[in-house]
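*Asks:* Here is what each chain is made of, one letter per residue.
2 protein chains.
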Amino acid sequence: MTQTRPCIGVFDSGFGGLTVLREMIRLVPDADYHYFGDTARLPYGSKSAETVSRYAVGAAHFLEQHGAEMLVIACNTASALALDSIRAGVHVPVVGVVEPGADRGADASRDKKVIVVATEATVSSHAYLKALQCRGIEAKEKACPLLVPLVEEGWIDHKITEEVARIYLEEAFSDGFQRADVLVLGCTHYPLIKPLLQRVVPQHVAIVDSAESTAAVVAQKLRVSEPGKEGKPGLQFFATDSVEKFQRLGARFLGQPIEKVQLVKLSE
Amino acid sequence: MTQTRPCIGVFDSGFGGLTVLREMIRLVPDADYHYFGDTARLPYGSKSAETVSRYAVGAAHFLEQHGAEMLVIACNTASALALDSIRAGVHVPVVGVVEPGADRGADASRDKKVIVVATEATVSSHAYLKALQCRGIEAKEKACPLLVPLVEEGWIDHKITEEVARIYLEEAFSDGFQRADVLVLGCTHYPLIKPLLQRVVPQHVAIVDSAESTAAVVAQKLRVSEPGKEGKPGLQFFATDSVEKFQRLGARFLGQPIEKVQLVKLSE
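Line by line, the protein sequences give chains A and B. Per my numbering, the first sequence starts with residue 1, numbered consecutively. Per my numbering, the second sequence starts with residue 1, numbered consecutively.
Mixed in with the good hints, there may be bad ones.
If several chains are the same, the list does not tell them apart, and a pair holds so long as it fits within one copy or across any two.
[Said to hold, decoys possible] Taking lysine to aspartate or glutamate and the EDC-like style, the derived pairs with C-alpha atoms no more than 20 Å apart in a straight line are:
(1) Lys194 to Glu163
(2) Lys159 to Glu138
(3) Lys140 to Asp107
(4) Lys245 to Glu120
(5) Lys142 to Glu99
(6) Lys232 to Asp84
(7) Lys159 to Glu226
(8) Lys232 to Asp181
(9) Lys112 to Glu230
(10) Lys194 to Glu259
(11) Lys159 to Glu170
(12) Lys245 to Glu50
(13) Lys194 to Glu226
(14) Lys260 to Glu138
(15) Lys159 to Glu171
Please keep in mind that the hints were generated in silico from the structure rather than gathered at the bench.
With the rest of the complex left out, here is chain A:
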């Protein structure tokens, strides 16, 4: 790992991983970031483990070939279903979002009861459940398939989104989990509705955002002693579908305009 200006590859099925990139830029601005969004094949959240692995390994190869010295799998589904395959397929360190989120969630829970909201595929993998159980936490996972399309529709502070979140979270905070005191956001789209979710969860609940937790782990691995102090990030974006849509939707997730996106074709 270079001590000077690292090149970090960031991978997601689409735009959600840009919330992780945004946090990394904040903590480690003095770095080059190559972001790869596999937008032609999104969403991964409803696909099988085998398919997600095949797609994710292809993207990881692309980023490694383009100079990444570290890979951040900024996609909960790919981290949950394909992290071992990706690690086996590349020669650089790989950081997923599940372990950092589970670490932070476990630390934050006094009652040792945590709820994780995520996509259907992430929940089916039980990656968060296993990671939290290893840390002595009783965990419950809740799939919230409508939250990603609601965020992508731009309804991030909309009464419908709040009602949908209320339905999902009432189901989650039940059956022995009424006193859960931490909600882990196990999908990189969800940080955009964190203020809305904060209104919906019981007052005693802390929300853990795996984008923030992952960025902190990356900063630590890069041995950045004073996060966010200086430097201007180099940003390159690659997408497998419409670059116009990537720029338009992506800016919402990144929190800043996206100047240029390169269209990439990957063979399966």
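Guided by the hints, dock chain B onto chain A, whose structure is given.
*Replies:* Only chain B this time, still in chain A's reference frame:
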């Protein structure tokens, strides 16, 4: 075209096309149907024309190679964006869903004002707008990106779905289209919420379902004189992702259990 027992290939990005298949089985039961759902790469509705064309042509080849004598593109997005490419790529007749839906919509409108609801990609293509304008109809297209995930969540008679539909349709039936008297369902997921939509639209509005219209065109092309009279359909299903999920979700769209699904890998 065989006069006895035809083999019809039906293609969709996922499950929605099963509403078209259901109607075809009802009208033409004495046929073999090969249904191909490109579930590994769904949804097409948010992807670019080029990507949709590449995927759809690959699937059309697969169905032709497996004996289809006619192809039904039971996917609005693929019909809107890729019908010419598919026709150029295969040697059998190809029926899309846009033209039959536009025909039926034009016939049903006395005021010559029609609203079409569809996915983002179908709307961006303006395929329905053009098809309806050619038939002397003033048309307005409205993208409703949340309706597909709501149907897939199974919320087909849910107050949230009704509220979302109300928001979309209030926007649609405005700006000179208050008196539109036909709503064309330009997405094969929407027939599942037809009763709900009927409650939301103004009373004078007729709903045209492109699944029904397309099945009628297929029956006509096959010169079936007495639709639905006899025969037992042969059904084969192919999917590019989880066969378990295809069986589970697909049954809702087809209206009957799906016994067996074959997993298929397509190269890009």
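*Asks:* With identical chains, the pair Lys245 and Glu120 could be close in the same copy or across copies; at 20 Å between alpha carbons, which is it: within, between, both, or neither?
*Replies:* Between. Shortest inter-copy distance 11 Å satisfies the 20 Å Cα cut-off; intra-copy 24 Å does not.
*Asks:* Classify it for me, Lys142 with Glu99: is the Cα-Cα distance of at most 20 Å met within a copy, between copies, both or neither?
*Replies:* within (18 Å within a copy, 42 Å between copies)
*Asks:* Can you give me the call for Lys194 and Glu259, within, between, both or neither, at a CA distance of at most 20 Å?
*Replies:* Neither way: Lys194 and Glu259 sit 26 Å apart in one copy and 42 Å across, limit 20 Å.
*Asks:* 20 Å Cα cut-off: does Lys194 pair with Glu226 within a copy, between copies, both or neither?
*Replies:* Answer is neither: 26 Å inside a copy and 58 Å across each miss the 20 Å cutoff.
*Asks:* With identical chains treated as interchangeable, where does the CA-CA distance between Lys112 and Glu230 reach 20 Å or less: within a copy, between copies, both, or neither?
*Replies:* Neither: 38 Å inside a chain and 62 Å across chains, both beyond 20 Å.
*Asks:* Between Lys140 and Asp107, at a C-alpha cutoff of 20 Å, which is it: within one copy, between copies, both, or neither?
*Replies:* within (16 Å within a copy, 53 Å between copies)
*Asks:* Reference check for the pair Lys232 and Asp84, CA-CA at most 20 Å: within, between, both, or neither?
*Replies:* neither (32 Å within a copy, 47 Å between copies)
*Asks:* At 20 Å max between alpha carbons, let me know whether Lys159 reaches Glu170 within a copy, between copies, both or neither.
*Replies:* both (16 Å within a copy, 16 Å between copies)
*Asks:* For the identical chains here, do Lys260 and Glu138 meet the 20 Å Cα criterion within one copy, between copies, both, or neither?
*Replies:* neither (44 Å within a copy, 38 Å between copies)
*Asks:* For the identical chains here, do Lys194 and Glu163 meet the 20 Å Cα criterion within one copy, between copies, both, or neither?
*Replies:* Answer is within; shortest intra-copy Cα gap is 14 Å, inter-copy 23 Å.
*Asks:* Measure nothing new, just compare the shortest in-copy and cross-copy C-alpha distances for Lys159 and Glu138 to 20 Å and report within, between, both or neither.
*Replies:* neither (31 Å within a copy, 33 Å between copies)
*Asks:* Classify it for me, Lys159 with Glu171: is the Cα-Cα distance of at most 20 Å met within a copy, between copies, both or neither?
*Replies:* both (18 Å within a copy, 17 Å between copies)
Checked against the numbered hints above, the structure violates hints 2, 6, 7, 8, 9, 10, 13 and 14; every other hint is satisfied.
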